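Starting from two chains that each stand alone, build the complex the way the hints lay out.
In case you want the letters, here they are:
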Amino acid sequence: MAETVEIRLSPRAEFVGAVRQVLSALGRLAEMSADSVEDLKLAISEAVTNAVTREAAEGSDEEIRIVVSSDEAGVTVEVTDAGAEFDDGSPAEDEASISSQEFSFETGLSLPIVRGLTEHLEMRPAGSRGMTVRFTIKTDREPG
Amino acid sequence: MDLEVDVQERDRWSVVSLRGEIDVYTAPRLRQALIDLVEGGKTNILVDMSKVDFLDSTGLGVLVGGLKRVKAQDGSLEIVATQDKILKIFEITGLSKVFPIHESVDAAVSA
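Chains as they are written, first to last, in the working numbering: chain A, 1 to 144; chain B, 1 to 111.
With the rest of the complex left out, here is chain B (with noise of 0.2 Å):
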């Protein structure tokens, strides 16, 4: 049970590509990272969730925490997802209509 993160700069975005499991204890990972970035004066994000194998609400609510943050500074926090699973849970909550939601980077950054 594990998350890596991982940030890479792609034209405006910061893309951080998550692998692995997220919740209650791997999920102050990502905060920490969202947070590193917004302080850094990065304020558009592309979360990539393509290969995240387990998404619950501790991980949700770290997105929408970082959502607040780069609102804050007239930012974007978009995320990749492709997996039902993961999807779903975006769905139940609501959120599919509070983030944008791609299929790829690819898709994101062209957008």
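Next comes chain A alone, as it looks inside the complex (with noise of 0.2 Å):
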């Protein structure tokens, strides 16, 4: 049976530990492998760091949302923030987050990192700003 979950949260460093843990925890429910987890854990603070370092450059404090849904076939995650324009799938390399060279190196990793570990890695405009990150961790059921 799917289940999903919703959180909106505003868009500060210190949730995006608490948004891991209560979100990988839906992981475990939907029988992931232990591996799975830690992907999923690992995945979702990368998409949640990207959309909190992409409104921090913008100066906006308009809610974080993050959609969670798990089947049969896995979990899959969609991240919206209201940070900048979204611009042709390179959203880490936006002006702003570029602007200090120490904030550019410490956030450029986050969505290749998504990649490496997802399936279906899709990112698109959310609305006239903004962008969505979505993507789905296969369940890989254990044996038993």
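Derived from the structure by calculation, the hints contain no laboratory data.
Computed from a predicted structure; not experimentally measured.
All the given hints hold, so there is nothing to weed out.
The following label-pair restraints were derived from C-beta to C-beta distances: (1) B:Asp84 - A:Leu9: 25 to 31 Å; (2) A:Glu3 - B:Ile35: 40 to 46 Å; (3) B:Glu4 - A:Leu9: 21 to 27 Å; (4) B:Ser104 - A:Arg12: 33 to 39 Å; (5) B:Glu39 - A:Ala34: 36 to 42 Å; (6) B:Gln32 - A:Pro125: 34 to 40 Å; (7) A:Asp71 - B:Lys51: 33 to 39 Å; (8) B:Arg29 - A:Lys138: 31 to 37 Å; (9) A:Glu72 - B:Ser104: 38 to 44 Å; (10) B:Gly40 - A:Ser128: 44 to 50 Å; (11) B:Glu4 - A:Arg8: 29 to 35 Å; (12) A:Val5 - B:Gly40: 42 to 48 Å; (13) B:Arg19 - A:Glu14: 16 to 22 Å.
A short list of chain A residues far from chain B (calculated; beta carbon distances all over 12 Å): (14) Ile7; (15) Leu26; (16) Val67; (17) Ala73; (18) Arg129; (19) Thr132; (20) Thr139; (21) Asp140.
We put the CB at the ideal spot given by N, CA and C, even for glycine.
Written out as structure tokens, the structure is:
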């Protein structure tokens, strides 16, 4: 049976850990393998960190929306922010994030890591500004 | 969700032992520890991640920043990591080819 959880949160770094814990619990409920739950934790953390840092770069305080749904095949996560306008699949290279060299190299790896962990990574514009990152991690059920 | 940072000197190394989770919220603590070491003239740094429960790109970014700082002074920054979930992140990002990774502090110090 499909299950869905939706969370909205202010774009604050201290919330990322809590979101990671809460949503990875859904993976355990979906009987994901231990390795897949770790992948889910990391991918969620990266996607939410990407959203938090994109909003920080714009000075935005709008809520980040996270929707997680699970079914027999796996867990699908969708993270929508109100950061800079989506730009041709290269969101980590927007002008705001490269305004500080330190900031840039600390955030530029988020989405490549998500891409390395997941199936079907999609990035698309979210309305007039912001972006949505969507990905799926297979359940990879443990035997027994 | 917290990160403990402990620094001890061992032979030529400053050993930075980490315990907890490294993410966008806690990584600044690690960054500050590395900056303090380099500014104090300590440029051979061994970061022990064997008790790290979670690491993401923010933590990797801090390590890359630390590496840049020590390299600028002919120093080195090496890693101790034992858990598959931590090693996997270094591999996905290609950083396993950038950082020497050891199985233990003892192995790194005697290398």
